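Enquirer: Protein chains in written order, with the working numbering: chain F, -19 to 325; chain B, -19 to 325; chain C, -19 to 325.
There may be inaccurate statements among the hints.
Treat identical chains as interchangeable: a pair holds within one or across any two.
To be verified - Straight-line alpha carbon distances no greater than 20 Å define the calculated EDC-like cross-link-like pairs of lysine to aspartate or glutamate that follow:
{"#": "1", "residue 1": "125", "residue 2": "-7"}
{"#": "2", "residue 1": "172", "residue 2": "183"}
{"#": "3", "residue 1": "76", "residue 2": "31"}
{"#": "4", "residue 1": "-14", "residue 2": "55"}
{"#": "5", "residue 1": "125", "residue 2": "72"}
{"#": "6", "residue 1": "86", "residue 2": "72"}
{"#": "7", "residue 1": "125", "residue 2": "43"}
{"#": "8", "residue 1": "200", "residue 2": "-5"}
{"#": "9", "residue 1": "313", "residue 2": "-13"}
{"#": "10", "residue 1": "313", "residue 2": "55"}
{"#": "11", "residue 1": "172", "residue 2": "241"}
For the record, the hints were derived by calculation from the structure and aren't laboratory data.
As the structure is a computational prediction, the values presented were derived from the model and not from experiment.
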Amino acid sequence: MRKTLKEIAVLIDGEVVGDESIVVTGIAGIQEALPGDITFLSNSKYLPFIDRTQASAIITSRDIKSAKKPIIRADNPSLAFTKIVSLIVPQEARPKGLHPTAIIGKKVVLGRDVALDAYVVIADGTVIGERTIIYPGCYIGADTKIGDNSVIYPNVSIREGSVIGNNVIIHSGTVIGSDGFGFVTVDGIHHKIPQLGKVVIEDDVEIGSNVSIDRARFDKTVIGKGTKIDNLVHIAHNVVIGKNCLIVAQVGISGSVTLGDNVVLAGQVGVVGHVNIGDNCVVMAQSGVSKSLSANATVWGYPAKPVDTAKRTNACVQNLPRLYDTVSELKKKIEKIDNKSDKGQ
Amino acid sequence: MRKTLKEIAVLIDGEVVGDESIVVTGIAGIQEALPGDITFLSNSKYLPFIDRTQASAIITSRDIKSAKKPIIRADNPSLAFTKIVSLIVPQEARPKGLHPTAIIGKKVVLGRDVALDAYVVIADGTVIGERTIIYPGCYIGADTKIGDNSVIYPNVSIREGSVIGNNVIIHSGTVIGSDGFGFVTVDGIHHKIPQLGKVVIEDDVEIGSNVSIDRARFDKTVIGKGTKIDNLVHIAHNVVIGKNCLIVAQVGISGSVTLGDNVVLAGQVGVVGHVNIGDNCVVMAQSGVSKSLSANATVWGYPAKPVDTAKRTNACVQNLPRLYDTVSELKKKIEKIDNKSDKGQ
Amino acid sequence: MRKTLKEIAVLIDGEVVGDESIVVTGIAGIQEALPGDITFLSNSKYLPFIDRTQASAIITSRDIKSAKKPIIRADNPSLAFTKIVSLIVPQEARPKGLHPTAIIGKKVVLGRDVALDAYVVIADGTVIGERTIIYPGCYIGADTKIGDNSVIYPNVSIREGSVIGNNVIIHSGTVIGSDGFGFVTVDGIHHKIPQLGKVVIEDDVEIGSNVSIDRARFDKTVIGKGTKIDNLVHIAHNVVIGKNCLIVAQVGISGSVTLGDNVVLAGQVGVVGHVNIGDNCVVMAQSGVSKSLSANATVWGYPAKPVDTAKRTNACVQNLPRLYDTVSELKKKIEKIDNKSDKGQ
């Protein structure tokens, strides 16, 4: 790409301070940028780099009035930057059309401009929307529905009856709709409980690599609109996740848990079965949630407690060696007093 | 399906209380059921739903004498229900026969009615029993043995020399027989220790999606008969798991650990290498097992302790802020006493 | 194989004590070995087996002077053993040549003796070095570079632009170069931040099964030379790992973390984003690292602390019930003293 700062400012509804005729040809982070690149500054932690970066121009917030280099002031520099990235960066070459080795079952309906790459298998009765791209080695089970503009990366397995919305991204190795983990134990033998439900993934969801999302026992496991899931996450049967949640890597959510909207589960968090986590809750990394949480709670620890309580408790724990010393001293003093008082009598 | 309660009662050895001529056409959970469905009640927690469910009939335990709706009394309602499910529900259409794109190596022996779906690769010398079904994209390494009636879902990788029993279910993305993690470090360089053993999976085992089970260094890694493994579990080389264990999602078991029979490892548990966990042990979620456990232990925490001890310790921890207050008060009192006693002298 | 102890001693630069004409035909661990096998003893824990093993000969350290059975004394018995294994054991039959179903894109460059097995897909512009072997079902994205003598097991997905060195081993189900987890949140909606960087895997790295390594936002995610990664590990975008590290199963490393050389992260460890872990650090199992660590630190716990501190703190925690008792007693004594002193006045 070759764009002037003036052209870019128009794209992102920003204002140039400095020479708006300067041409940029690439984009990069503020620390890695080279001359010719445009970069951005949103995290104030990187403020010292504003005059140190080698970039030719910087997209900044409106708080910044000027800098040594030309800047483009915008309402949200990060968002502005992601906007120009999609315009500027040559996107990876994506699969197009139906590869001759793609196997398409009976009664499959494909929207316009669907791409099915090599060795994709689409089972009977599946419906795929317009412009959806499926990379090599994916398996799409029978009677699955996939919306428009979705991207499914290589070697994803989607089991029968799944429902996947528009603008969904699913990364490699992920499994959607595997059987939930449910057994009836009689005389020590575990009998499989059939898992008859399905998985529903709403619009604008992104799912990382090697994620496992189980189908419901009955009814459905749901990932709400706009929710983003990181790598190696486990979502058990009948879990219902609200909208715009962030589920960070290696989180495990047990069966029948419900999450409200805008919930954040940080890395390696575990949630026991059948609890409800309210809107806007934040569960800090590695915590174990053993009880339902009402909306807006921020919790930490194992078992997870409100973060203020958990931090106070943790400070107490870290101080224990000193507490033991204090108690020992008190003990000695009391013995001394006791002795004195005995003598005194 | 269309079945009368009378017909269903015969199938599950139950007794109808109410109109046995009622016809049911579907099945569902007690909360989701609609008119025409049959449901079941096994967990007493759901007892209030017995008169609220929209189901046309309910399978109950023998304790329930009658309800507003017709019931079928059975010894184990859950188990009875799973029985009728398999009779009633139209099973997913499963692959049949040998797909023309399945690649079958030399000296492969296939039992009657084996199904190998599209793009399956079976390496040389492998033997597969009757009615076993292998979904698209699976790789079965050389000299592997798979028994009868097993089901291997899409994109599973089974490395050479593995032995898999009858009625085994393996979900998508799972890897059986990858090399164990073993190195000899000389002058800071890690030299690979060849992993020459194999993996043996006995009859009636179910393995979730994206599970990793490593082959042994020598000898074998074993998953015992009837054991059920959830998603994203790691089982290292030379682990030996007994019969009818439940290994919940994201558990990690280090090398050379042995588990007895009927062991339960709850979600995200970790077990250090070379320890033995006795029969019937239960390790609660997120615990870390650092020592061997004798049979029938229930443990919790990090490091894991007997659950009573762990709960008492945890209660103590949660109470620490108050303990600190108490100790402060005692300190003040003692200072006061000390002062008095000084004055008194 | 059929080799005399004399022949083996030459291969490993060892010294036979006992009958050097004895022929061995197999190898095994000291507990599993049968007559005809050679075994080895490196861990002193197994010393009692030296006279109990059924093996025909034992490779030992130089400390051992003799045994009932013939021994071969060597500098490093483990390493010596792995050496002879590679000479002695018939290696698994590996794929050879270009399978007719392998799909090779435009402008792909393949070195001599590359093996691409069934249903492998190599996208445009990829370069693969000599003798590298790619098993069935793997996807190699566009413009990827793979060095010489690397082995990629079935169903691995490598996204576009990745750089992989020589002698690299990648186990099944692993995903290299999936998008990092990065979003800009505006008014509660998470907007994807394009992930424009790549993954670089240096020489001699081994990566277990079902691992996820994300591409960088800009620049690159790096796995340093000689580092070994176990199963189900998550490595986020922009992580830079040094040389000869050991990353054990189910570890999660958040974005932009850097690790020095020779770092060990034990099983299920989590590391928060943007911290640095110095050379030779050891993080014990299940720990959570929340701050940077200077070189040579050994830490444990959640949050992770220097191991001595953490152990002392943990001992204090385990002793809490007794501390509570002690404090109760002190309280009673003080009350008694208080009463006395009141009476005394």
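Enquirer: Checking each numbered hint in turn, tell me which of them this model violates, lowest number first.
Expert: 1, 3, 7, 8, 9 and 10
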